[in-house]
Amino acid sequence: MKHLLDTVSLSRDEAISILDIAEEMTQVSEREVKKLPVLRGRTVVNLFFEDSTRTRLSFEAAAKRLSADVLNFSAKGSSVSKGESLQDTIQTISAMGADALVVRHSGAGTPHRLAHTGWIDVPVVNAGDGTHEHPTQALLDAFTLRRALGGFPASGAVKDGPRGRGLDGAKVAIVGDILHSRVARSNVHLLSRLAAEVHLVAPPTLLPWGVETWPVTLHYDLDEALRSEDFAAVMMLRVQHERMHESFFPNEREYARLWGLSAARLAGLPEETFIMHPGPMNRGFEISAAAADSPRALVLDQVENGVSVRMAVLYRLLTGREETND
Amino acid sequence: MTDYLIRGADVLGRGAADIAIRNSTIVDPELLDPTSSDVEVIDAGGLVALPGLVDMHTHLREPGKEDAETILTGSRSAAAGGFTCVHAMANTAPVADTAGVVEQVHRLGRTAGFTEVVPIGAVTIGLAGEQLAELGAMARSAARVRMFSDDGICVSDPLLMRRALEYVKTFDGVIAQHAQEPRLTEGAQMNEGVVSAELGLPGWPAVAEESIIARDVLLAEHVGSRLHVCHVSTAGSVDLIRWAKSRGINVTAEVTPHHLMLTDELVRTFDPVYKVNPPLRTDADISALREALADGTIDVVGTDHAPHTAEHKCSEWTAAAMGMVGMETALPIVVEAMRDYDFDFGDLARVMSSSPARITGASGHGSLEVGASANIVLIDPNSAHSIVPDDHATKGRNNPFAGLEVKTTITDTFFYGHRVLAGGELSTPHPAGASWTDQ
Numbered sequence: 001m002k003h004l005l006d007t008v009s010l011s012r013d014e015a016i017s018i019l020d021i022a023e024e025m026t027q028v029s030e031r032e033v034k035k036l037p038v039l040r041g042r043t044v045v046n047l048f049f050e051d052s053t054r055t056r057l058s059f060e061a062a063a064k065r066l067s068a069d070v071l072n073f074s075a076k077g078s079s080v081s082k083g084e085s086l087q088d089t090i091q092t093i094s095a096m097g098a099d100a101l102v103v104r105h106s107g108a109g110t111p112h113r114l115a116h117t118g119w120i121d122v123p124v125v126n127a128g129d130g131t132h133e134h135p136t137q138a139l140l141d142a143f144t145l146r147r148a149l150g151g152f153p154a155s156g157a158v159k160d161g162p163r164g165r166g167l168d169g170a171k172v173a174i175v176g177d178i179l180h181s182r183v184a185r186s187n188v189h190l191l192s193r194l195a196a197e198v199h200l201v202a203p204p205t206l207l208p209w210g211v212e213t214w215p216v217t218l219h220y221d222l223d224e225a226l227r228s229e230d231f232a233a234v235m236m237l238r239v240q241h242e243r244m245h246e247s248f249f250p251n252e253r254e255y256a257r258l259w260g261l262s263a264a265r266l267a268g269l270p271e272e273t274f275i276m277h278p279g280p281m282n283r284g285f286e287i288s289a290a291a292a293d294s295p296r297a298l299v300l301d302q303v304e305n306g307v308s309v310r311m312a313v314l315y316r317l318l319t320g321r322e323e324t325n326d
Numbered sequence: 001m002t003d004y005l006i007r008g009a010d011v012l013g014r015g016a017a018d019i020a021i022r023n024s025t026i027v028d029p030e031l032l033d034p035t036s037s038d039v040e041v042i043d044a045g046g047l048v049a050l051p052g053l054v055d056m057h058t059h060l061r062e063p064g065k066e067d068a069e070t071i072l073t074g075s076r077s078a079a080a081g082g083f084t085c086v087h088a089m090a091n092t093a094p095v096a097d098t099a100g101v102v103e104q105v106h107r108l109g110r111t112a113g114f115t116e117v118v119p120i121g122a123v124t125i126g127l128a129g130e131q132l133a134e135l136g137a138m139a140r141s142a143a144r145v146r147m148f149s150d151d152g153i154c155v156s157d158p159l160l161m162r163r164a165l166e167y168v169k170t171f172d173g174v175i176a177q178h179a180q181e182p183r184l185t186e187g188a189q190m191n192e193g194v195v196s197a198e199l200g201l202p203g204w205p206a207v208a209e210e211s212i213i214a215r216d217v218l219l220a221e222h223v224g225s226r227l228h229v230c231h232v233s234t235a236g237s238v239d240l241i242r243w244a245k246s247r248g249i250n251v252t253a254e255v256t257p258h259h260l261m262l263t264d265e266l267v268r269t270f271d272p273v274y275k276v277n278p279p280l281r282t283d284a285d286i287s288a289l290r291e292a293l294a295d296g297t298i299d300v301v302g303t304d305h306a307p308h309t310a311e312h313k314c315s316e317w318t319a320a321a322m323g324m325v326g327m328e329t330a331l332p333i334v335v336e337a338m339r340d341y342d343f344d345f346g347d348l349a350r351v352m353s354s355s356p357a358r359i360t361g362a363s364g365h366g367s368l369e370v371g372a373s374a375n376i377v378l379i380d381p382n383s384a385h386s387i388v389p390d391d392h393a394t395k396g397r398n399n400p401f402a403g404l405e406v407k408t409t410i411t412d413t414f415f416y417g418h419r420v421l422a423g424g425e426l427s428t429p430h431p432a433g434a435s436w437t438d439q
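Same order as they appear, the protein sequences are chains H and E.
The first sequence maps to residues 1 to 326 in the working numbering.
The second sequence maps to residues 1 to 439 in the working numbering.
Because the hints were derived from the structure by calculation, they are not lab data.
This structure is a prediction, so every number in the text was calculated from the model and none was measured.
Yeah, the Cβ is synthetic: ideal placement off N, Cα and C, and Gly gets one too.
Warning: the hint list may mix true and false statements.
Simulated crosslink set (SDA-like; lysine to any residue; CA at most 25 Å straight-line) [said to hold, decoys possible]:
1) K407(E) x G423(E)
2) K2(H) x T269(E)
3) K169(E) x S9(H)
4) K2(H) x L266(E)
5) K395(E) x E84(H)
6) K2(H) x V195(E)
7) K65(E) x D88(H)
8) K65(E) x Q87(H)
9) K395(E) x D88(H)
10) K395(E) x W119(H)
11) K395(E) x T117(H)
12) K2(H) x E265(E)
13) K2(H) x S315(E)
14) K407(E) x D391(E)
15) K395(E) x K2(H)
16) K2(H) x K407(E)
17) K2(H) x D271(E)
18) K169(E) x H222(E)
19) K65(E) x E84(H)
Per label pair, the in silico range of CB-to-CB distance [stated by the list, open to error]:
20) A402(E) x G320(H): 28 to 36 Å
21) G64(E) x A195(H): 55 to 63 Å
22) K407(E) x R54(H): 49 to 57 Å
23) L159(E) x E254(H): 29 to 37 Å
24) S106(H) x E66(E): 27 to 35 Å
25) P182(E) x F152(H): 48 to 56 Å
26) T25(E) x S106(H): 38 to 46 Å
27) H385(E) x A95(H): 49 to 57 Å
Here are some chain H residues pointing at chain E (derived, C-beta under 10 Å) [unchecked claim]:
28) M1
29) V8
30) H105
31) A108
32) H112
33) T117
34) D121
35) S181
36) R182
37) T205
38) W209
Sequences and hints are given; from them, build the entire structure.
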């Protein structure tokens with residue numbers, strides 16, 4: 001594995017191997033000195049053409065816990081806003097010496113392009129590209145699910161964690177704006193690769209054309225979906241407020257009424273169903289405060305696991321496979 | 001000017017014959033004395049002779065974007081591709097929406113002397129879709145414009161489209177429509193289908209093309225005008241055009257070489273060389289387009305040759321410009337695309353020469369009959385080679401067929417009797433320049 005650009009090309013074995021390395025990485029955060037010396041002297045560049053404080057901080061924390069140096073580049077205030085081309089930006093960064101690029105961009109495919117044009121020859125990690133993919137988010141979701149469904153603490157260090165396993169047979173519902181969600185796309189590929197059964201619940205306007213070809217079960221009606229299936233987890237997606245101005249749905253009230261995880265719907269869920277959200281949440285819109293704050297919500301575990309998973313990805317890409325088996 | 005005696009070429013694939021050229025005109029071979037020093041004899045055994053190709057859809061970029069292409073470089077590219085006539089789209093800077101601009105383009109084409117450059121006038125001022133440009137003035141200018149198009153932008157206002165269709169009846173003009181419903185394609189980056197769903201790139205649905213074609217053929221029927229549909233790209237569009245023709249509606253249609261050959265699966269590479277408008281579609285669309293070209297539902301091949309500078313293509317997908325070059329590869333690609341269809345060299349001449357010449361009124365082109373202007377192309381149908389964009393005469397390097405193996409080579413182009421391409425090499429321009437408007 002040279003780059004992590006998407007989950008669609010990740011094999012089950014590769015995915016499980018990253019999740020297993022992430023299990024090791026959770027041990028680091030328990031130490032008094034929360035650092036491993038494995039990437040000492042290496043430079044990880046966070047190249048964020050689109051604002052995302054959470055994801056950037058998570059990658060920064062991950063790189064620093066592996067003792068790497070971190071350079072943060074954000075497009076705002078840089079020459080990109082003055083019309084510098086992507087090629088010039090990348091070659092400039094390459095000249096400064098980067099050992100890995102973590103790329104967030106508003107256009108689908110940009111990390112893929114950086115990995116394949118020859119402008120720079122370092123591993124590229126996709127930190128979210130347009131509405132294409134967000135592979136580390138899907139990996140951290142899978143990690144969190146694997147913990148929670150295996151009866152382990154959903155985050156933190158666990159001595160004998162659920163290593164070597166997939167998510168075989170787990171029913172996971174992803175609810176909301178699938179069309180504009182890179183998180184949904186990455187999760188659909190990864191969760192089904194790990195043999196989970198993926199269900200998508202959304203108004204037809206927020207499902208991509210051709211979604212019937214995906215390895216998923218589709219529902220337009222959230223109540224009917226919750227009635228007919230016992231989900232191991234329900235993953236709520238963030239819905240942008242501006243979508244209603246583009247006529248994807250009439251207004252927030254109607255959306256919340258039909259597709260939001262309200263207190264009533266929360267009360268109707270089976271005891272063992274977990275609630276997930278990639279954040280940031282729109283409380284009262286796609287998710288109620290009652291659901292967001294309930295003990296079965298894994299939202300903060302997802303954030304915590306994000307650091308371990310990103311440590312695993314950087315470690316895997318920057319050190320090579322042999323060392324990971326030591 | 002030198003007289004030419006082209007010996008033994010397979011004329012239109014109907015068998016070997018001689019073609020003679022004297023004073024820019026095709027003459028009876030008996031009239032030329034092959035031993036005379038004024039006559040150059042060309043042994044064309046193994047080559048196929050077709051009337052010089054006519055491209056209804058070319059972007060030459062001049063005036064305004066001379067870093068991407070000039071009328072001279074575009075004309076040389078045309079000659080290398082076997083085109084003796086190209087129609088230059090109006091989306092230049094300034095836009096070709098006045099008699100002044102179209103006359104300038106026409107004059108620059110004559111000066112270049114490698115192909116006949118026929119300007120296409122804009123339908124609306126500045127391609128803005130609000131007010132008709134001076135279509136009459138352009139039609140009556142020295143360039144004698146007959147075809148009008150806002151190509152790149154759809155004339156989406158139905159009333160304006162109706163008026164344009166009606167107005168050009170004054171001079172037997174034709175409106176060439178870029179069929180793209182703008183609201184259905186806001187922010188579109190590629191064909192809307194299973195690939196766009198996976199890649200998360202905003203989709204350009206087939207219905208955005210088809211709904212405009214459906215509207216326009218009905219308008220053309222209602223007002224009794226001529227409509228030409230540019231770069232048809234979907235199976236549904238083919239059905240609509242077939243239906244319109246069966247009703248006797250005066251509509252013609254065009255397909256590009258790339259829409260006959262490439263699909264949206266290529267977008268998975270995120271390489272902007274595959275970014276084009278309308279976008280690359282699916283295998284099913286390709287089959288429908290090939291069938292329609294073979295059965296005459298689609299009348300012509302137009303290249304939509306769209307050169308871009310490297311900086312507009314060496315970028316991320318979403319920032320890249322749309323468009324592909326293609327004059328130098330059009331004929332070899334069409335031959336490959338149509339290999340499995342009932343489609344011979346006569347058909348090739350029909351869709352790439354005589355039909356486009358008839359539609360646009362470029363009367364100096366499209367025929368190998370004695371008495372016709374000597375616009376001729378010779379091709380070698382058995383000369384396998386792979387496509388190398390860096391070797392091309394166009395400034396544009398955005399050719400999507402790089403590395404593809406094709407069987408056909410364009411060896412010679414005669415432009416009003418002057419051999420502008422000789423043995424696969426560009427030679428000298430026509431000394432006087434030439435145009436059907438001289439006749």
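Outcome of the hint check:
| no. | hint | in the structure |
| --- | --- | --- |
| 1 | K407(E) x G423(E) | holds (16 Å) |
| 2 | K2(H) x T269(E) | holds (16 Å) |
| 3 | K169(E) x S9(H) | violated (56 Å) |
| 4 | K2(H) x L266(E) | holds (22 Å) |
| 5 | K395(E) x E84(H) | holds (23 Å) |
| 6 | K2(H) x V195(E) | holds (24 Å) |
| 7 | K65(E) x D88(H) | holds (23 Å) |
| 8 | K65(E) x Q87(H) | holds (22 Å) |
| 9 | K395(E) x D88(H) | holds (22 Å) |
| 10 | K395(E) x W119(H) | holds (23 Å) |
| 11 | K395(E) x T117(H) | holds (21 Å) |
| 12 | K2(H) x E265(E) | holds (23 Å) |
| 13 | K2(H) x S315(E) | holds (22 Å) |
| 14 | K407(E) x D391(E) | holds (17 Å) |
| 15 | K395(E) x K2(H) | violated (35 Å) |
| 16 | K2(H) x K407(E) | violated (38 Å) |
| 17 | K2(H) x D271(E) | holds (19 Å) |
| 18 | K169(E) x H222(E) | holds (13 Å) |
| 19 | K65(E) x E84(H) | holds (20 Å) |
| 20 | A402(E) x G320(H): 28 to 36 Å | holds (34 Å) |
| 21 | G64(E) x A195(H): 55 to 63 Å | holds (57 Å) |
| 22 | K407(E) x R54(H): 49 to 57 Å | holds (56 Å) |
| 23 | L159(E) x E254(H): 29 to 37 Å | holds (36 Å) |
| 24 | S106(H) x E66(E): 27 to 35 Å | holds (32 Å) |
| 25 | P182(E) x F152(H): 48 to 56 Å | holds (53 Å) |
| 26 | T25(E) x S106(H): 38 to 46 Å | violated (59 Å) |
| 27 | H385(E) x A95(H): 49 to 57 Å | violated (39 Å) |
| 28 | M1 | violated (19 Å) |
| 29 | V8 | holds (7 Å) |
| 30 | H105 | holds (7 Å) |
| 31 | A108 | holds (5 Å) |
| 32 | H112 | holds (5 Å) |
| 33 | T117 | holds (8 Å) |
| 34 | D121 | violated (17 Å) |
| 35 | S181 | holds (8 Å) |
| 36 | R182 | holds (6 Å) |
| 37 | T205 | violated (13 Å) |
| 38 | W209 | holds (5 Å) |
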